[in-house]
Amino acid sequence: MTEEEIIKRILKAHPELSKREVMERLEAERKKTGSLISDAVLLRMIASELGVQIPQKISPFKLSIKDLVPSLNDVTVTGRVVAVFPSKTFEGGKSGRLASLLVADKSGVAVF
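Mapping the sequence shown onto our numbering, position 1 (from 1) lands on -14, and the numbers just tick up by one.
Hint data in this document are derived by calculation from the structure and do not stem from the laboratory. Beta carbons are placed, not taken as given, at the ideal position from N, Cα and C, and that holds for glycine. Fair warning: there could be bad hints in the mix.
[What the hints assert, rightly or not] Here are the simulated lysine-lysine pairs, DSS-like style, with alpha carbons at most 30 Å apart:
no.	residue 1	residue 2
1	47	91
2	-7	4
3	73	16
4	91	51
5	91	4
6	-3	16
7	79	47
8	16	79
9	79	-3
10	16	-7
11	91	79
12	79	-7
13	16	47
14	4	47
15	4	16
16	17	91
17	4	17
18	79	51
[What the hints assert, rightly or not] Cβ pair distances, simulated, as ranges:
no.	residue 1	residue 2	range
19	-2	89	36 to 46 Å
20	83	48	34 to 44 Å
21	41	3	19 to 29 Å
22	-1	87	35 to 45 Å
23	-7	77	21 to 31 Å
24	-7	68	33 to 43 Å
25	60	33	14 to 24 Å
26	1	89	40 to 50 Å
Use the sequences and the hints to build the structure in full.
So this is what it looks like as structure tokens:
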């Protein structure tokens, strides 16, 4: 589901909100997380906080790391963790930590 589709679902469920308000909330979440989380995931979090159901489409296809492209959602990867990078801390309404992983399979290597 695209970012625009998620926004449309939020607005349909909450007609009292404007697109501008949703985008302002997205920007606030971006600042809280230090832009470490994609807009699509942040919009799903906002939708969840507002009680809006966003369907999870499950793909029957298995992808290799070499086939990954930007904007894929809910991808399951099977591989070997090659490296764990130092975690980053972010502050805001909620504090947290995020670490990146280097994962490899027979087709290639990716950073998560």
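So which of the earlier hints does this model not fit?
5, 7, 11, 13, 14, 16, 18 and 20
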